[in-house]
Amino acid sequence: MMQAAGQVSGERGAWWRKKRTRELVLVTCLLLPSLAIFFLYRVLPLGWNLLLSVQYWSPLKPPRWAGLDHYEEMLLYDDVFWQSLKNTLIFIGASPFAIALALGIALLVNSDLKGAAVYRSIVFLSYPLMTVAVGIIWRWMYDERGGIINFALREIGLVAKPIPFLQSFDWALPSVIVAEIWQVLGFYMIIILTGLQSIPQHLYEAASIDGAPRLAQFWRITLPMLRPSLFLCAVVGILNSFTSFDLIYVMTNGGPGHATELLITHIYKSGFGQTKFDYAAALTVVQFILLLALTYLANRAAGGNAGSLERQ
Amino acid sequence: MISRRALLKSGAGAAAATLAAPAIAQAPKKISFLTWNIIDQEPMIRGWIARFVKDRPGVEVEWLDKKGPEIPVFYQTQLVAGTPPDVINTQGALGLEYAAQGALLDLTPRLKAEASVRNRFNADYLSNWAYEGKNYMLPFYITKTLLFYNKPMFQKAGLSDPPQSFDAIIDAAQKMTSGEASGFLTLNFDWLYWPLYAMNGVDLLSTDLTKPTFNTPKGIEVTDRLAKATEAGTINKISWTGRWVEPNGAFAAGNVGMLHAHSPAYFFVKGQGKWVTPETLGVAHAPGGFATPNSHGLGISTASKNPDLAWDFLKFVTDEGAQELGVNRKLVTGNIAVDTKNLADLEKSDPLVYSILRTQLEHTDRMVGNWRLGNDSRVKEAFWPELQNALLGRKDAKTALADAERKVARELKRG
Amino acid sequence: MIPMRRHSQYMRHAALVGVSAIMLLPFYWVLKTAVTNENIYAYPPRLLPESPHLFNFVDVWYFIPFPRYLLNSLVVSVLVVASNVVFNAMAAYALTKNFPGKRAMLLLFLSCMLIPFQATIIPAYLITSKLGLLNSYLGLAFPLLSTIVCIFVFKAAFEAVPQSLVDAARIDGLSEGRIILRVLMPLSTAAVATNVVLAFIWSWNAFLWPLIITREPTMQTLPLGLARFLSYMEDTTGALYAFAVMVLAPSIFVFLMAQKEFIRGLTSGATKG
Amino acid sequence: MPRWIMSRWVIVPLVIAGFALTWNGYVALNDGGRIEGRVVDASGRPVPDATVILLERHFVVHNERQRTRTDSEGRFRFAGNGNHSLQLEAETDSLGRSERRIVRLWFRAQNITLSEPLRFNAKLP
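Residue numbers (the working numbering), protein chains in the order written: chain A, 1 to 312; chain B, 1001 to 1415; chain C, 2001 to 2273; chain D, 3001 to 3125.
There are no misleading hints in this set.
Within a straight-line C-alpha distance of at most 25 Å, the following computed BS3-like cross-link-like pairs (lysine-lysine) qualify:
#1 B:K1228 with A:K161
#2 A:K114 with C:K2260
#3 B:K1237 with A:K161
#4 B:K1029 with C:K2130
#5 B:K1315 with B:K1330
#6 C:K2130 with B:K1030
Hints are computed from structural coordinates only; laboratory data are not their basis.
Starting from the given sequences, assemble the full structure and let the hints guide the process.
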């Protein structure tokens, strides 16, 4: 029932609008389920937290307006906040080292080495594990008496007395970071392998014809082309500052003192441990803003656009 | 409830709109009972529920058991959603916090009305759960700290009977410290270490619980001596860094002179320590008879739809149930009649456990570390990290206690 | 010149063997502890298991209703994986189109990733209770039905498919839905595998959400079984580590089964335009 | 034969299902709950009329479940055992108590005959 094509733009405009609106309807239908879930379980709760962070709220008492009291309390009086902020930044700051390590392993594995697939699987095997179980295993390996790490150190003679890794104020955080890197290293390696194999070979051939040394090839070709993968690794590193909540909950529960307290464990303890839901909500808002800023910085550094996996 | 979920599964699934039609079924009178990590007594508790329900037609009791650290998360989420369990079992001062929030029912009128129920319990332990003069919980099972000591190590160091003063503790510990062995070890969660300060006349707060009173020369001196003893290895460092498995494990390993802990620690130490026998494990009160209680209480949620049924269940558990619990788990329930009978049997069957449980019922007027605070965990979070810094030598005692005083005062003011 | 190349190959093998040893050490250590019952606090720890036996696994099987927890975890994981593949593919296909506000949508998705689930427990519980999904498989699976990282994986895979193929299919009169099913999905089976493995991992390991939403013990999942085990056995016996092994096995099993497609998915999903 | 039959997504589940079925079959055939064994003294001579105590493990504590006496050749027999982790101990007035034998079964109520007899440290008079 196509109208006569001769009618002028008004009708073509209607048809054009109809096609664009049809496409818009299609897009919204396709996005609807995912958007519904993110809205219900991410956006609404964030709004709830925002609302709570400006009130004195407790489950059975009517809420009272609090203005910026919670933020003031956090910034001026709560030094556990500053300690957990420092720990969170150290935690995120450790991911570049893990990414570099993963890059090294990826370069080794990415070659035509026999059995590369076996190494790849072994390194990745630790990622699908349940973090609670990983926490138990590592807590047991760090044990002062029966742990293997202390045993190995004493056998090598590096250490005379066993180091109480998870009970000492300066060893606890590095120990937890090593356990987290052990688990996430495989995932970084896989993401970097993704990037490595998307670099067209002819660039390398051209460079080697010009006689560029292997190292120069790495700096001028491999690394720049890996930017989107490195950005995704950085985002995963940032996310880990709260997805490894289970690891810290099982290994040290923030101890000793607040040496391994991250923002997420401080939020959990303030909310459920000390029944300060309004204060925990304020902490959540601050953490969200911090992570958003870090992601923006990583995005700028990686030069990629928001769709991180998109090809150039 | 179920019909709505089945409808959802068959319906549009993820795009579920909020369903308007509530299913008003004539639900039988139902109460739920949340316990604190007592899953090993499942047959006993199922038995209680069966007996309780048998002669109360149309009544259902749903039993939930959660691990200690998970109870606050579960209970408070249910509280916010308005469906808290009717009867809840909490440990230590957590019950008072929920009472201060208005989550627990005030039981004083019911206790006043039924004097026989009130007189059933040891008054000192019952008053542990009195917040602003009102009773909120009944004792489920009760514990307080005491002093375990390693008799062979005592004899080797030429000591015979347990220390009677703070100085005696430090001296005895010094004599037993050498190489891997250390003299003294204490648990540190929920104020269990507080008798060490109480025996020196130092109290955390003023009697009206409004001002911190620990930052005194005496308080600083005691903290300094503890820090120096920890430095010298006389007091095992795990006292201030461990929680449950580490300190008890160290004492069970057999090279620690004294363990200051509450009665449940005995069963852990016995399970792990091959050396533990009635002849080798000494049991005594801490000097001055001071002790911090860490008891389990039973309370009723204000949002409960059947408070009377819940109160009926509470009376049942703390009477018939207490008898069985005391025997099965070898502990003291706070029910005077049940405890005296159980202790009489235990004296013959298990003298060591008898001597331990007897200490739980003596000097109950000298209980410390149990301030009736509505924000106990916040005050603890303000005080303990600072004290820990001092005891581990990361801060000198004076500045640590000054910082702690500032923070505790701030928490008390916030209310 | 040849020994130089072979020399570098040996160096690479040595380095990789070293890395693999470090990665496999925790697996060996938990397995060794799971098969022995010696006092695990004794010093020095034995490197080889002394009088190994498998009865710890029998204890675990009977100590908590392991088959019931396994079934619950499996049902939830299947529900999550199925919905993940469908919803993420749909969302990713929509994102390959350009429509007004696309950049805003991408930013929304990225920022949604940054909201920690631990902080949104109470509102999430209130919403689920309003939907009447408490204590149900659907309720357990609901927050995980779609994940953002997987949407990006699909988006990259769909963009790798040459546009000419999609236009040809459209000319043949295929509807959008059929285009996704017939043209795009077959070409990105590897991205599907990635979705399956990642969705399985995150639903299988969920610990806090099942804790809040399940009331009856019969509805609990494996991580909660582990938490209950931890609470009572206080890691003094080998049984806890036997339980950890039994909980890790399914994750490793699914990964090894889907490993060929999974690795190919991540390594070729976004390439060869 | 269609290619997907040979793919591992079909073979592996089938193997697992097969193993589970045979295992459950074996369990069904052998779960009578019978425990048999012998009691001997230090020098290996059977101890008649000794009391044998069966203890069942419950979490971390062992509770006594059954008692029986040995026949003239020192043999004893328990029936109706429902647990998978047990302890056995023999006792007579003259010889006191034997060593406490830990018995671990592969599944609940598995029928088992003790390979090693329960041994007293003391000798019969």
